[in-house]
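Number of protein chains: 2
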Amino acid sequence: MFSRFVALPFLLFAVCAPAFADQAAPAPSKPAATVVSPNGELSVTASTDSENRPYYSVSRRGKPLISPSRLGFIFNDAPKLERNIALAGQQTRSFDETWEQPWGEQHFIRNHYNELRVTYKETAKPFRSFDVVFRVYDDGLGFRYEFSQQGTLGQIRIGEELTEFDLAEDGTAWWIPAGEFNRAEQLYQRTAIGEVGYAQTPITFKLADGSHLSIHEAALVDYSGMNLIRVENRRLKAQLTDGIGGPKVVRDAPFHTPWRTLQVSDTAGGLVESSLILNLNEPNQLDDVSWFKPMKYVGVWWEMHLDKKTWSSGPKHGASNENVMRHIDFAAANGFGGVLVEGWNVGWDGDWFGNGEDFSFTQPYPDFDIDKLAAYARSKGVQLIGHHETSGHAAHYESQLDAAFALDQREGIHMVKTGYVADAGQAKVIGTDGKLHYAWHEGQDMARHYQKVVTEAAKYQVAINSHEPIKDTGLRRTWPNWVSREGARGMEYNAWGNPGNPPEHEANLVFTRMLAGPMDFTPGVFGMQTKPGSRVATTWAKQLALYVVIYSPIQMAADLLENYEANPGPFQFIKDVPTDWEETRVLAGEVGDFVVTARRERDGNDWYLGAITDEQPRTLKVPLSFLSPGREYVAQIYRDGPDADWDKRPESIVIEQRKVDSGDTLELILAPGGGQAIRFVAE
Amino acid sequence: MFSRFVALPFLLFAVCAPAFADQAAPAPSKPAATVVSPNGELSVTASTDSENRPYYSVSRRGKPLISPSRLGFIFNDAPKLERNIALAGQQTRSFDETWEQPWGEQHFIRNHYNELRVTYKETAKPFRSFDVVFRVYDDGLGFRYEFSQQGTLGQIRIGEELTEFDLAEDGTAWWIPAGEFNRAEQLYQRTAIGEVGYAQTPITFKLADGSHLSIHEAALVDYSGMNLIRVENRRLKAQLTDGIGGPKVVRDAPFHTPWRTLQVSDTAGGLVESSLILNLNEPNQLDDVSWFKPMKYVGVWWEMHLDKKTWSSGPKHGASNENVMRHIDFAAANGFGGVLVEGWNVGWDGDWFGNGEDFSFTQPYPDFDIDKLAAYARSKGVQLIGHHETSGHAAHYESQLDAAFALDQREGIHMVKTGYVADAGQAKVIGTDGKLHYAWHEGQDMARHYQKVVTEAAKYQVAINSHEPIKDTGLRRTWPNWVSREGARGMEYNAWGNPGNPPEHEANLVFTRMLAGPMDFTPGVFGMQTKPGSRVATTWAKQLALYVVIYSPIQMAADLLENYEANPGPFQFIKDVPTDWEETRVLAGEVGDFVVTARRERDGNDWYLGAITDEQPRTLKVPLSFLSPGREYVAQIYRDGPDADWDKRPESIVIEQRKVDSGDTLELILAPGGGQAIRFVAE
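In the order they appear, the protein sequences are chains A and B. Residue 634 in the working numbering is what sits at position 629 of the first sequence, and the numbering runs on without skipping anything. Residue 320 in the working numbering is what sits at position 315 of the second sequence, and the numbering runs on without skipping anything.
Hints are computed from structural coordinates only; laboratory data are not their basis. The hints are all genuine.
Since the list gives no way to pick out one identical chain from another, each pair is judged satisfied if it fits inside one copy or across any two copies.
Restricting the straight-line Cα-Cα distance to at most 27 Å, the calculated cross-link-like pairs of lysine-lysine (DSS-like) are:
no.: 1; residue 1: Lys130; residue 2: Lys85
no.: 2; residue 1: Lys35; residue 2: Lys126
no.: 3; residue 1: Lys457; residue 2: Lys440
no.: 4; residue 1: Lys377; residue 2: Lys313
no.: 5; residue 1: Lys68; residue 2: Lys35
no.: 6; residue 1: Lys536; residue 2: Lys35
no.: 7; residue 1: Lys653; residue 2: Lys313
no.: 8; residue 1: Lys35; residue 2: Lys85
Start from the sequences and build out the full structure, keeping to the hints where you can.
In C-alpha cells, the structure reads:
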C-alpha cells in the first residue's frame, strides 16, 4: 500500500457562463475552476452562471458529457442556497493509494484521483458559504457538498437538494421507478433518456457515442437517499427520499452530503470493473473482520416460497430441528459454510407483512432448539445464519438489537439476514419527537437505522445481509460486516406463481443494480418448474454462471437439497466456485443482452468464468489472455447442451473438460436464456 | 336557476380486477361500482385490484381513457391507506342546475353530472374508511377523497397522495415543468406523453385518436397543490407540493381533498369551453360583489419594465403625482375603469427580490399623494388599482393586511394586484410552531395565505389579481373577488432584453394555462421594439385579438400611453372590447397552433372575434353562424396587412368594415405571428 499527496497548481480562469433560462442576459465572464482526471480525459468545471447560481459541468475527451447543471439547496428554515453566489476559492490536490479489501471482487484497489475543492460564498446576506469537493478519476467522478460550522446556521433543515445532471447527449437508459410500493424490486426498463420517468439510482446510460454512464451515490450516511426526476429533456434532478413528515434531512454543521457519482466507460463492462463507489467511501472502521468468512450457504427458505414448508408454526414449519439438521448435514458434506434458517423465531403466525411488532428476535419456536442446533452445526464446521425479519418496524427491532446479537454471538452465529418487508413509506421509526413515524426505506431516519444495525452487529462479530435494504452505496468498505443485500428482484420472484424474471433480467442487473454493490441474488436453482404459473427462465448452465457474474461474498445454493442430490454433475460447480476473489475482469457485455466475467480466486491461481445471455442465443469468442502466460489450465466446462433452451430444455447441460492456456480462444455457445460456467484449474 | 336531484339505481356488479404488478395472481371477481355521464359517453369504474388496493378507471364511448389507476394516501403518523381495502358501499345521484356568474366568460353555466360515492373500508386494522366521490359530466369528471370523523385518526398528516392517472392511449402533451425556480413562468413544451417529465397542472394531451384531455384540479383549499410525475410509460402520479418541512398536508377530519379533474373533448376548443372546473367549486360565498366591475385598465408599469421609470424612489420614480394624473386623464378619456400604480409604496429601494420585509402596504412614497390622486380619479369616474408586492413574504404581508385593505376602502380602491416575486420554495409563512418557514407558492400554508388575502379583501370590497399566484382551480366561483391571476409567462417577458415569448406562446396558453382560469396577461402593446435583444413577437392585429382569446375580467392596455395616442385606429378596438361576456364559443383551434374565439358581450348583442396563429401564416374560413339569424351586423375588422409579419412588419394592419349576417363565412388571413380582431356591431 502506498499513498501520495501532490499539490496541483491553481487552475483559475474565466469562462463565459452558460445561460440556464431563456431570459438570461449575455453573461459576463465569471471565475471558474477546473480539474482533470489523472489520465487527462475527464474534466470537471465549477463556476456560477449569469444569475450567480453555482453549477458544474463535465466533459470527456474534450466533448461535453454533463452540460452545466445546478448545485444548491432549499432549506425549510432559511433562504435557499442558490442565488447571489460567487466562486470564492479553490484548492486542488492529487491522491494515489492502493488499499486492500478484507474480502471482495478484487483484493487490491487503486484509489487515484485529482480533487478540486471550490468554496461558494453568498454575495448578499446571509453571506453563507459551502464547499463542493470533486474527486475526478479516470473512470468517473464524485462530488459532495461540505458545510463548515462557520457561515451556516447550526442546524440545517434541508427541504430539497438542487443538484442536477443534465446529460449532454442522447441515448438509452436502464432504470427502475422510484417511489414505488415494492421498493427496488421492479424489472429494469430500457427507454430513451428522454423517456426516463422518476428513477432510482444507480441508473445506467449508453450514450449515442457508445460510451456508458452510471449515476449513483457513494457513502449514504445520515442523509436521505437520492432519486432522480427527469424534469424535461435530458435534465435529471435530485429528489431526496421523503422523511418522516419533517425536513428531508436534518443535520448539524459541520457535515457533508454523500458523494454524487458518475461512472463513465467506453464499455458496459468498464462500469462493472470500476471501483469508484468504494473508493469514495471511508476506509475500514472495524479493523479486523476475519470472523466473517465469505461463504456459500444453503437454507430453510426455497421450500417455503414453494409452499412446501411454512415460516409460521404448524405441521409444515420449516425451521424444525429435523429439517435444520438435514441442512446442516448437507452443508457439511458439501463444504458450505452456513445454513440460513427463516421462520425460527416467534412472530410469524399473525399478519406480519408491514406489521412486525409481534416478532421476537431472541425467542425461537419450540421445535427449533437453537442451542442444540447451533452446537451441532459448530461440531460439523458449519454455522447457523440468523434471520431477523422486521417487517420494516425498525423501532421494534432496535429495542431488541443488543439482545438479539448477543444471542447470535453466544451461538456462534456470525451472519444475520435482515428483512424489511413493508410497502415503501411504511417502515417505522421513532422520531426525535419520541413518537412513532412511518418512513421510507431510504429516508434519513432509516439510513441511520440500517447503519446502527450494522455497527451494533459488528460489536458482536455479526455480519449483516440486508434484504429490502437501503440501497448500497459502498459502505462495505467502511463497515466490512455489511456483506450483502437484496435490493432488486432476486430468484424468489420465480417461485410465486407469476411470470417471474425474464431471461434478460440478470443481464440487466449486472450493469445496473450490481454497480451499487454485492447482491444476495440466491442463484443455483435446478428445479425450473416452481409454483403453477411460474418458472425459472434460464438454463441450468446459466444458473451456474450466475455465481460468477453476480458478485456477493455470500452466495446461496438456493434450491431444494434433493435437486442437488439428484444432480451431482452440475452441482459440482456450485461446490467449487469461490465467493472471494483476487481479481475480476468483465471480458465482454452489453447492458441487458449478455456478459462474460472472469474472476480469479483469492490468493489462488484458479480462474472462473461466467457467461450469460438474455433470450437470444449467442456465440461468443473469448480469448483466454487473462490466464497466466505459459501456464496450463484444465478448463472444467459447464455449457448449454445443443438443444438447451430456457423455455424447452433448460436442464440440457454438457459438462466436459479440456486443457487450455492463455493463448487459446474459447467459443462459448449460449442457448436462449442460457449461459456457461467454467473453472480453470491451474496445473 | 333550477336544481334537480335524482336517485339513480344502484349499479353493483363484479369486474375482473386488473393486475397492476407483474407478480399479481389472476384476480378473483371484486365488487365494482360504475357511473356514467349524463349523455352516457363517459364511464368511471371504482373497485379494488387483486391485491385489495383501490383503483378507478375511465372509459369514453366504450374505449379506455384512463387505465386502472391507484387511489390512496401515505400518512406520516399512521399506516398508509392503500392495501387491505374493500369496496364497502356506493351511492349515486344526479344533479342538474344552471347557475349565474356575477361576471365571466359566460353568464349562465349548466352544472349537470351523475355522481358516484364509493366507500372504501380497510379489512384489517386499523379498519379505517374513506369515500371517493366521482362527478361525471359529459365533458369530463372530477373526483375527490372525503374523510369523515369516524374511522380516521383525528388529525391527518399526509405524506403523499397516491392518486395516479395512467393514460390508456399514446399521444402528445403540452406542459411546463414543476418544482422550478420561476414558478409557472416557463414556455410550454410539446412532447410525446412518454416524454413528459415532472409537470405542473393543468397539463393538456391530444391522444392518438384525436381526442383532447386535460388533467388539473378544482377547489384547491387548505391543501397542497398537485403536480404530476410521469413515473414510467404513460403513468402519471400525483406529487403534492412540498410543505414547510412538515407533512405535505395537515388536516383535521372531517375534510375532503380538492377535486382531481379530467376534461375531455373531441376538439381542443372543447376544453376551453368546458366549465367543469367552475362547476366543481362551491357556489358564491360572498353574495353581492357588484362593487367589482370588470374593466380595462392602464398602468404605471410597462415604462418600468422598459427602464424608462423605476419602482424605487428617485428622479425616474414612476408613481409620481404627475405621472399618475396623466394616466388617470388617459383612462377617463378612453373609457377605462382603472389605473394600476406600481411602486407607490415604501420598500422598493432595497434588494426586494425574495425579501419583502421592508415593504409597507400603507405608506406611500412622498411624491405619491394617495388622497389627492384617489379623489382625482374618482372625480373622473376612474379608480386607482392598488399594488401589494410581497416578495413572497406572506407573513409580513398578513401582519398589514387589514390596515392595507382599510386604506384601499377609504380611497375607493376596489382592486389590488398582489405580487409574490420569490424563487420557488422561498415564500415565507409562519407555521403552527410560531416560527418563520420557507414555503412553496402552492403548498398548503401558502394555499391558506392566498385564500386569507382574498377573503379578507372581500370584507373591504377589494378584488384581488394575484401575480406569482397559487394556480387557479376555479375558486373565483366561491370568492368572485378573486378576479384574475398571472401564473404564466405574460407580456412582461417581451420587455427584458431577452428573446421573450415566441409566436406560438399565446396559442399554447389558450389550451393549457387558460383552462385553469382568467389570466392578467396584459396585452395591447404596439411598441414592438422593447429593450435591446427583446421584442414583442406578434403583429398588431394579434395584440388586439388577445383581448378576445385570453379571458380575464380585467384587461390591461399595457403599452405606453404615447403608443396609443399615436395609433388611434387600432387603439379603437381596445377601447371597444368588453371584459365581461354573455357567451363564449371556440370556433376552431389546435393546441399551440391557432385559435378562433367568439364572445358576445354581457347583456348585449355585439359579438367579438379573436383569431391568433403561431409563426405559421394561416387562412381560416369562419362561418358566422354564431350571430343571431336574420340580424345584420357591421363587422369592424382589424386584420393583418398583406405584408404583415411579426418579424418584419408587425405594425401592418388593415382596418375596414363590412356588413355581414349569420349566413356569411369570413376568410381570415393571418400573417406569420399574426391575428385578427373583429367587432360585430348588431344593427
